[in-house]
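Input sequences plus hints: build the corresponding full structure.
One-letter residues, chain by chain:
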Amino acid sequence: MKSLNPSILLLILGLLASDARAASEEELALERWVRGRVKPIPISLSGYSGEVATVLRFDLEVAGCAIVSEDQAQFLLKGTNNGQVEGRLSDAISKATRLAKAYSGGTPRSQAHALADDVIQELTGKPGIARTKIACRVARGPNFEIYVSDYDGHGAVAVTQDNTVAAAPAWVPGRRALFYTTYKFGNADIVSHDLGSGARQVVARHTGSNMSPAVSPDGRRVAMILSKGGSPDLYVGNLDGTGLQQLTRTPEDESSPCWSPDGRWIAFATKMNGRRVLAKIPTEGGQVQRIATSGVANPTEPDWSPDGRLIAFTAQMGNFEICVVPASGGEAQLLVGGQDPSWAPNSRTLIFTKRGRAGQRTLSLLDVPTRQNKDVAHNLGGCSQPSWAR
Amino acid sequence: MKSAFFLNLLTLGLLVAFAATGCKKPQKGVTPIPAAKGGTVASAQPRGPATPPSVPPGGALPGGGGTAGTETPRETPLKTGPEGIEQAPPETFDGMVMDPATFKDQVVYFEFDSSVVRTSQYPQANAVADHLKQNSAQKLLIDGHCDERGTEEYNRSLGERRALALREYLARQGVLPERVKTRSWGEDRPADPGHDEEAWARNRRGEFILLLPQ
Numbered sequence: 001m002k003s004l005n006p007s008i009l010l011l012i013l014g015l016l017a018s019d020a021r022a023a024s025e026e027e028l029a030l031e032r033w034v035r036g037r038v039k040p041i042p043i044s045l046s047g048y049s050g051e052v053a054t055v056l057r058f059d060l061e062v063a064g065c066a067i068v069s070e071d072q073a074q075f076l077l078k079g080t081n082n083g084q085v086e087g088r089l090s091d092a093i094s095k096a097t098r099l100a101k102a103y104s105g106g107t108p109r110s111q112a113h114a115l116a117d118d119v120i121q122e123l124t125g126k127p128g129i130a131r132t133k134i135a136c137r138v139a140r141g142p143n144f145e146i147y148v149s150d151y152d153g154h155g156a157v158a159v160t161q162d163n164t165v166a167a168a169p170a171w172v173p174g175r176r177a178l179f180y181t182t183y184k185f186g187n188a189d190i191v192s193h194d195l196g197s198g199a200r201q202v203v204a205r206h207t208g209s210n211m212s213p214a215v216s217p218d219g220r221r222v223a224m225i226l227s228k229g230g231s232p233d234l235y236v237g238n239l240d241g242t243g244l245q246q247l248t249r250t251p252e253d254e255s256s257p258c259w260s261p262d263g264r265w266i267a268f269a270t271k272m273n274g275r276r277v278l279a280k281i282p283t284e285g286g287q288v289q290r291i292a293t294s295g296v297a298n299p300t301e302p303d304w305s306p307d308g309r310l311i312a313f314t315a316q317m318g319n320f321e322i323c324v325v326p327a328s329g330g331e332a333q334l335l336v337g338g339q340d341p342s343w344a345p346n347s348r349t350l351i352f353t354k355r356g357r358a359g360q361r362t363l364s365l366l367d368v369p370t371r372q373n374k375d376v377a378h379n380l381g382g383c384s385q386p387s388w389a390r
Numbered sequence: 001m002k003s004a005f006f007l008n009l010l011t012l013g014l015l016v017a018f019a020a021t022g023c024k025k026p027q028k029g030v031t032p033i034p035a036a037k038g039g040t041v042a043s044a045q046p047r048g049p050a051t052p053p054s055v056p057p058g059g060a061l062p063g064g065g066g067t068a069g070t071e072t073p074r075e076t077p078l079k080t081g082p083e084g085i086e087q088a089p090p091e092t093f094d095g096m097v098m099d100p101a102t103f104k105d106q107v108v109y110f111e112f113d114s115s116v117v118r119t120s121q122y123p124q125a126n127a128v129a130d131h132l133k134q135n136s137a138q139k140l141l142i143d144g145h146c147d148e149r150g151t152e153e154y155n156r157s158l159g160e161r162r163a164l165a166l167r168e169y170l171a172r173q174g175v176l177p178e179r180v181k182t183r184s185w186g187e188d189r190p191a192d193p194g195h196d197e198e199a200w201a202r203n204r205r206g207e208f209i210l211l212l213p214q
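So the protein lines, in turn, are chains X and E.
Letter by letter, the first sequence follows residues 1 to 390 in the working numbering.
Letter by letter, the second sequence follows residues 1 to 214 in the working numbering.
Please keep in mind that the hints were generated in silico from the structure rather than gathered at the bench.
It is possible that part of the hints are untrue.
[Claimed, not checked] For lysine-lysine, the following BS3-like pairs were computed, each having C-alpha atoms within a straight-line distance of at most 27 Å:
#1 E/K104 - E/K133
#2 X/K374 - X/K39
#3 X/K228 - E/K104
#4 E/K133 - X/K228
#5 X/K126 - X/K78
[Claimed, not checked] Beyond 12 Å from chain X on every Cβ pair, some chain E residues (computed):
#6 D105
#7 Y122
#8 Q134
#9 A137
#10 Q138
#11 E198
Since we're looking at a predicted model, the values are computed, not measured.
Cβ atoms here follow ideal geometry from the backbone N, Cα and C, with glycine treated the same way.
Laid out in structure tokens, this is it:
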């Protein structure tokens, strides 16, 4: 067998080496994005009034812009909302028009959201999130009900009216359906709920507690924490709860499963050697591997970003802190005080719960690169456990 | 000889192409959520069906059978007791009547972030064990609770771990685990609504509910 020509071999090795260098450059860029602070895009608004102006301001600030006066702006958004929302985005220096659009139909609020999304798409090259939905639970006296609303808290509708405790809503990816825990039958059981028809189905009603559902990215399976085996362990089953497979068998209490976007892993909170850690396991079963979160203690409630690169989680160190870590584990980055983060489809914005000293719960939004943080525009009161529809 | 050279060239070409693309993972698009109509005049593309103004309330869930308890429907007419006072029908769990009164003073308390049953709590748990050993037709439901200082789903799991720890303790005292059910409320049903150490200590608890045959 003739061996490879040595100069070709060198070229191949050189190419392989440069490929490895490219991978670590991406990691470096991610590090900068997470550890540094990206400057917000300075943009000025003029010609808008009332609700449309408020919505545009909110959407653009959450998306990582700063609303400034015209002389400080890098981009100018000028328009009107007489009858319909119109907007022209131009570059402050070159005066070039980046986009010019008018919107019809829907409400002034939804038109403003559409304009904000188009501006963000133009400025960042990525889709905006101004027209996405979230689910959460809201305290109603001693009980909790599941609600769905716009990402800013507006347009909230009650999904349940069961006068009991409901918890941990989780979307079925790509569908208007939710999984959640309900105590409607006097126990912690998991149900699925089609938001279009209102049809509900019991998914897990085993002895003990049935908790924390998380649906796979392909929408075909559900991960759950079930204690029917004598300890809260991680299980995976079909969407209707059949075909259960037990993934963990530990005397510790596992909690808060979430799927990797490629559907190959489930990350969750557990204990190892007496310490609270994040871990992951292959979805077909196998070895539990720790996800290192160095620099913070007591990590819990992980959520895997839709682009697969980061895991957001809560660290409990006196107060609750929202953190991110590379999905492969490593050094964690503290972001803001709060708990229970959920990623937007853009893998950039987080929604989470803020708790006041007297226990009040509010939903809050964070733009990870700029660290800009705004509480949701419309506060439902006693709102927690947000889940962003993806 | 010539074919080996072209094979090398092909390999090189593939490697170049491989390196150039950088192995990008396919990007999943944003999940389309039906939005209120707001199409642009420019694009004239409809944005999709409008969101209905309200979500139909959750449909009835089949309530028969299964291992969980049932909440008595409110339409059941209230019984009139011997005192002439209307009594609400007792709640059931697993087909048995719930009696939260018998063991209401036997609450077991836990340390922060722990499900260990401490020796100081043995008297309460022992009293429950003794009663169950003398009343073999009765069963037990253990409710596990947490204070608000954990995150909500972590607490739901920890509360269950506390209930299970008590079940294990009772098993060591001779109560068959098959007679004991567990349930966790996480931090959702505090005994004390306060936000200080005293309140938190009172919320980290296991409560025993006696289950009586119907």
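Comparing the hints with the structure gives:
{"no.": "1", "hint": "E/K104 - E/K133", "in the structure": "holds (18 Å)"}
{"no.": "2", "hint": "X/K374 - X/K39", "in the structure": "holds (16 Å)"}
{"no.": "3", "hint": "X/K228 - E/K104", "in the structure": "holds (26 Å)"}
{"no.": "4", "hint": "E/K133 - X/K228", "in the structure": "holds (24 Å)"}
{"no.": "5", "hint": "X/K126 - X/K78", "in the structure": "holds (22 Å)"}
{"no.": "6", "hint": "D105", "in the structure": "holds (22 Å)"}
{"no.": "7", "hint": "Y122", "in the structure": "holds (21 Å)"}
{"no.": "8", "hint": "Q134", "in the structure": "holds (25 Å)"}
{"no.": "9", "hint": "A137", "in the structure": "holds (19 Å)"}
{"no.": "10", "hint": "Q138", "in the structure": "holds (18 Å)"}
{"no.": "11", "hint": "E198", "in the structure": "holds (15 Å)"}
The earlier numbered hints are all upheld by this structure, with none contradicted.
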